[in-house]
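> Chain Z is already provided as a structure; the job is to place chain L on it using the hints.
Keeping their order, the protein sequence lines are chains Z and L. Our numbering applies: residue 1 is where the first sequence begins, and numbers increase by one. Our numbering applies: residue 1001 is where the second sequence begins, and numbers increase by one.
Simulated from the structure, these hints should not be mistaken for laboratory data. All values reported here derive from a predicted model rather than from experimental measurement. Wrong hints could be hidden among the right ones.
[Stated by the list, open to error] Beyond 10 angstroms from chain L on every Cβ pair, some chain Z residues (computed): (1) Gly19; (2) Glu71; (3) Arg77; (4) Tyr97.
[Claimed, not checked] So the derived label-pair ranges between C-beta atoms look like this: (5) Val1042(L) / Arg107(Z): 53 to 61 angstroms; (6) Arg107(Z) / Asp1388(L): 17 to 25 angstroms; (7) Ala117(Z) / Glu1417(L): 14 to 22 angstroms; (8) Tyr86(Z) / Val1042(L): 42 to 50 angstroms; (9) Ser59(Z) / Asp1388(L): 22 to 30 angstroms; (10) Leu1372(L) / Gly148(Z): 38 to 46 angstroms; (11) Gly1102(L) / Tyr86(Z): 14 to 22 angstroms; (12) Gly1370(L) / Lys108(Z): 25 to 33 angstroms; (13) Glu1417(L) / Asp179(Z): 40 to 48 angstroms; (14) Ser59(Z) / Val1042(L): 56 to 64 angstroms; (15) Ile11(Z) / Val1037(L): 57 to 65 angstroms; (16) His110(Z) / Asp1388(L): 15 to 23 angstroms; (17) Asp1388(L) / Tyr86(Z): 52 to 60 angstroms; (18) Leu123(Z) / Gly1370(L): 32 to 40 angstroms.
[To be verified] Below 30 angstroms or equal to it, Euclidean Cα-Cα: the simulated BS3-like pairs (lysine-lysine) are: (19) Lys108(Z) / Lys1392(L); (20) Lys1321(L) / Lys1265(L); (21) Lys1033(L) / Lys1121(L); (22) Lys1048(L) / Lys1269(L); (23) Lys151(Z) / Lys122(Z); (24) Lys1392(L) / Lys122(Z); (25) Lys151(Z) / Lys1392(L); (26) Lys5(Z) / Lys230(Z); (27) Lys127(Z) / Lys1392(L); (28) Lys127(Z) / Lys108(Z); (29) Lys1265(L) / Lys1033(L); (30) Lys1362(L) / Lys1351(L).
Think of the CB as a built atom: it goes at the ideal place given N, C-alpha and C, for glycine as much as any other residue.
Below are the chains, spelled out letter by letter.
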Amino acid sequence: MLEVKNLKASIVGKEILSGLNLSVAAGEVHAIMGPNGSGKSTLAQVIAGQPDYEVTDGSVEFLGKDLLELETEERAREGIFLGFQYPVEIPGVNNAYLLKAAVNAKRKHHGLTEIDAFEFLKLAREKMAMLGMDQSFLNRGVNEGFSGGEKKRNEILQMAMLEPRLAILDETDSGLDIDALKAVANGVNSLRDPERAIVLVTHYQRLLDYIEPDHVHVLSGGRIVRSGDKSLALELEERGYEWVREAASA
Amino acid sequence: MKATGFNQDLLRAAVEEFPADEFSAARSSAVAKLASVGFPTVGDEDWKYTNLGLAAEISNGWLKTIIADHGAIAEQSSSEQVAMICQEIDAHWIIIQNGIIGSDSLAELDGQAGSGVSFSKLDFADKDDADDDAMSLFNVALLRDGLRITARANATTDKPIGVLLADSPSSAVTQTRIVIDAGDNAHLRVVEYNLSVDPGRQFTNSVVQANLASGATVDHVRIQNRADDHVGVNKITVNLDRDASYNHNSFDLGGALTRNDVITKIAGKGAAVKLNGLYLATGTQHIDNHTSILHLVGPSTSEEEYRGILAGSSQCVFNGKVIVSPGADGTDSRQSNHNLLLSDRAEIDTKPELEIYADDVKCAHGATVGQLDETALFYLRTRGLGLDEARKMITRAFAAGTLSNLAVTECQDHLAEVLDQRLANLIGDSQ
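If we strip away everything but chain L, and leave its shape as in the complex, we get:
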């Protein structure tokens, strides 16, 4: 059985219950397009290791309640965790609860974060046409709200912009959509925090689109710290013009199943992409990172390093695609994926995918999978460190590199603390 069991009829009926708004036309169109595509299945090459059956099941159940409640979406209570994160990471915060942006939070921020930087609700009249892949269509089909961050030419902010996706199972399915437009030579620093406010089954599906004009820089740290039963599908699409640079750090720490697609398109000479990721998995967690870097022109550079630490019976996937188009001479691309397996039952499927259609290019890639080095453990123990402490020290060191080149340093302390707790869990589970 390859079908995920997603019920299109329920989707159609639920969307009809939604109140008419600026997204109505886009929603109907997305529903119609999705009808011919359906949810991806493990029969699709790109989804070979990641089964969205649970996402479909949660969606079907939720759609039934939406139909019953005539389109009303459950409100969410405030959370201490949200307040804590906003305090620990110094940023201009925008809270998106169950896919809905707090109405006052944008007005307050507008103009305050820096001159030339503005915030608005997404208006589908501006033709933010979704990509035609199934999960982007699903996102638009159920979209209730969206955020646009715009930086005019040369604009910058004093502090990073924080976007906190605070989701709770009170609304079992949520869609988020964020568009970032960085004008010529603008510099935006963005922290995207994916949080589960309460435990319980939930499916979130988010789309981030960033458009970088000539010379613009976007630093984007994404922290995924979801609850145990959470299913998350996230897609980030980045378009880079001449001399633009996009620096991305992703941290996947929680969730039952997470799928990330990061798609970057270099369309201008001199542009640079940096993708760094860390994923920590234990129990039966599943984390799938698919990245794609398209060098349409050269000279241009891309650097990518993903690291994973796997315990328990977790399963992770890294698929790194690099495409160098014909004529994109002077492309310099480096990619690596390193994995530390703390358990015999954990599984990593890692695959670089290079398609090179130009002659004058430098492309390097490498992947490693290893276990804790017994000799190193013995060495540390002969210095008086206990076995647990030695394990922790080596594991922490493996992850540390991803913190030292953080694109938004304001997150560093918070991340170090969260990582430490998470690593302690992983090591505890691997005994």
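Just chain Z, with the same shape it has in the complex:
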């Protein structure tokens, strides 16, 4: 589904990704781990199309299309979802209004009719019930005054509504207490699907206790330096990132 080859990307002239390779197939859950500054978030942002990053080399293919040729919104409509580490507060923009506009932008792109207010509400209520979210979320400003846990849950709600083919969740566990973490993890697990791939970007192993990955990759210096199954995450937890770094430079 996603083929990243020799990807190099920089921001204001500084190279962050330096020849990254990653292959993700439908139905898989990948965890991307690594120390601070290793390029985890950059990878997520570059795939989503953050305009501040410049791709200097390599290729990203998504469902057979050249992703780097597409605008941010086109990537989203094609089925890429980025769950933000810091979801953005947009005062005055109603959550329901954004969700409906987003769902319809995607439907339009795929040649489907737009859903009306009634269908939308029905769908939103269904997804919210699944995530254990209060209905009042719909009428609040996007992330406006939300707690850390509410913001992350709202990201998962957006993901559930948009039904992406590939979801990249950037540090979805950061800033969450154990109850919020479980709730978010349950939400993500309920969205696991043979047709859908999920990439979890995380610093800690903790999240992986709740969302079990098929593959774990360790990022260091802008490249994947080690890949394995879920046992790699446990080994990392035990031996620290320094171990991988040393192994990589050896």
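Relative to chain Z, chain L alone:
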């Protein structure tokens, strides 16, 4: 050169051509007083950013035609826009065309809008003495007609009262004067709509005076939706007695140059003033809002929030003065001014001015100037929204608050629609 080039001799000669009427004495007196003051210039602190040169130029040209036509003022044709607004906003409408009130519109309305609410032509014999500032004097000097709305004690209306200032360049200069008297515990809701019937150069100068007796409430929405070449100077003076409240929403959407002065005087305990404004500017538009809230006594409250969205090379000014007089203890005043700049060339000059002469007061103020948040735009785009739609969504949200606390809700749908069109223009211009 600080002079605006306004020609006082032309004014004197034109006014002499006016037919004698109840305003004659007031007009001559105003002409004489204005002679020593002249139009304000950018050398005056209060007019630092706003140059009335174009207003003077339009005035000089128009005064010449008035002299040539021996005081006759051009008639105005009817307009579809006027009919549309009257239909879209459910109100008792009074149409003032080029400063002249339709003779039948008042008689029809009298008594119909609600018992205790009456409408009449202004009679300067009732000593509606103008303030002595230059533009108020200019207003009286050329005044042909005026409107008085009177609400007796406890009176109220079923629908808002709409006053539509429909001006067209057929008369390049017009003066409007409206006096609102709200008796004890009366409640008046007023929509003042400033409209250009045709495009073209025009200068309008309006004065609104509201006097609120004890416990009276006046809700006043002012919508300025003028044509591109329009120059407008508007002054609103409000006097509040005990427990009175004045709620004002202003929307400045069009015009080449607009200057608003809103002056409120709290003279009775428990009185409350709410001023909310939204200004949208693009191209080379210039919109200047000067507000002044005078707390003469306390406890009393004032709340003010003005928001601006600026595109193109527009320039806007917000000057918010709050004066708390000696002894006005218990004053609670809040003021804010927020601006969204959609272009690097747009300019906002914002200035709070607090003068506090009492001890036991709460006064807060704040101003912000920002651009569209790139992170928010990216966030919306990752949800599949196009760049234009994302810009529109954030910009609309910035303006939305001013609609949600509208003092006269009957205007809401019309305003939402007009704002939407206007915002689309602004975003189009900012690409």
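> Would you mind marking each hint as holding or not holding in the structure?
Status of each hint after checking the structure:
Chain L leaves Gly19(Z) outside its interface by the beta-carbon criterion, the shortest separation being 25 angstroms against a cut-off of 10 angstroms. A beta-carbon of chain L comes within 10 angstroms of the beta-carbon of Glu71(Z); the shortest separation is about 7 angstroms. The Cβ of Arg77(Z) sits about 5 angstroms from the closest Cβ of chain L, inside the 10 angstroms cut-off, so the non-interface label is violated. Tyr97(Z), annotated as away from the interface, has a beta carbon of chain L within 10 angstroms; the closest lies near 8 angstroms.
Distance hint check: the CB atoms of Val1042(L) and Arg107(Z) are about 55 angstroms apart, consistent with the given range 53 to 61 angstroms. Range check, Arg107(Z) to Asp1388(L): Cβ separation about 18 angstroms, and the 17 to 25 angstroms hint holds. Evaluation of the 14 to 22 angstroms hint for Ala117(Z) and Glu1417(L) yields a pass: the beta carbon distance comes to about 19 angstroms. A beta carbon spacing of about 46 angstroms between Tyr86(Z) and Val1042(L) agrees with the range 42 to 50 angstroms that was offered as a hint.
With their beta carbons about 29 angstroms apart, Ser59(Z) and Asp1388(L) fall inside the hinted range of 22 to 30 angstroms. At roughly 25 angstroms, the beta-carbon separation of Leu1372(L) and Gly148(Z) lies outside the given 38 to 46 angstroms, and the hint is violated. Range check, Gly1102(L) to Tyr86(Z): about 59 angstroms between beta-carbon atoms, so the 14 to 22 angstroms window is missed. In this structure the supplied range 25 to 33 angstroms holds for Gly1370(L) paired with Lys108(Z), their Cβ-Cβ distance being about 31 angstroms.
Judged by the Cβ atoms, the range 40 to 48 angstroms given for Glu1417(L) and Asp179(Z) holds: they are separated by roughly 46 angstroms. Distance hint check for Ser59(Z) and Val1042(L): the Cβ-Cβ separation is about 59 angstroms, which falls inside the suggested range of 56 to 64 angstroms. The given range of 57 to 65 angstroms is respected by Ile11(Z) and Val1037(L), whose C-beta atoms sit roughly 59 angstroms from each other. About 20 angstroms separates the C-beta atoms of His110(Z) and Asp1388(L), a value consistent with the hinted range of 15 to 23 angstroms.
Checking the proposed 52 to 60 angstroms range against Asp1388(L) and Tyr86(Z) shows it is violated: the Cβ atoms sit about 25 angstroms from each other. At roughly 35 angstroms, the beta carbons of Leu123(Z) and Gly1370(L) sit within the given window of 32 to 40 angstroms. With a CA separation close to 19 angstroms, the supplied pair Lys108(Z) and Lys1392(L) stays within the 30 angstroms bound. A threshold of 30 angstroms between alpha carbons decides the hint, and for Lys1321(L) with Lys1265(L) the separation of about 12 angstroms falls inside it, so the pair holds.
A hinted pair counts as satisfied when its Cα atoms are at most 30 angstroms apart, and Lys1033(L) with Lys1121(L) qualifies at roughly 24 angstroms. Pair hint Lys1048(L) plus Lys1269(L) does not hold up; C-alpha atoms about 34 angstroms apart against a cutoff of 30 angstroms. Proposed proximity of Lys151(Z) and Lys122(Z) is supported: the alpha carbons are some 22 angstroms apart, at most 30 angstroms. At most 30 angstroms may separate the alpha-carbon atoms for a hinted pair to count; Lys1392(L) and Lys122(Z) meet this at roughly 27 angstroms.
As the CA atoms of Lys151(Z) and Lys1392(L) are separated by approximately 23 angstroms, the hinted pair is consistent with the 30 angstroms bound. A hinted pair counts as satisfied when its Cα atoms are at most 30 angstroms apart, and Lys5(Z) with Lys230(Z) qualifies at roughly 23 angstroms. Restraint check: the Cα-Cα separation between Lys127(Z) and Lys1392(L) comes to about 27 angstroms, which is no more than 30 angstroms; the hinted pair holds. Proposed proximity of Lys127(Z) and Lys108(Z) is supported: the alpha carbons are some 21 angstroms apart, at most 30 angstroms.
Straight-line distance between C-alpha atoms of Lys1265(L) and Lys1033(L) comes to about 24 angstroms, which keeps the hinted pair within the 30 angstroms bound. For the hint linking Lys1362(L) to Lys1351(L), the alpha-carbon distance of about 19 angstroms falls within 30 angstroms, and the restraint holds.
Violated hints, listed in ascending order, are 2, 3, 4, 10, 11, 17 and 22; each of the other numbered hints is respected by the structure.
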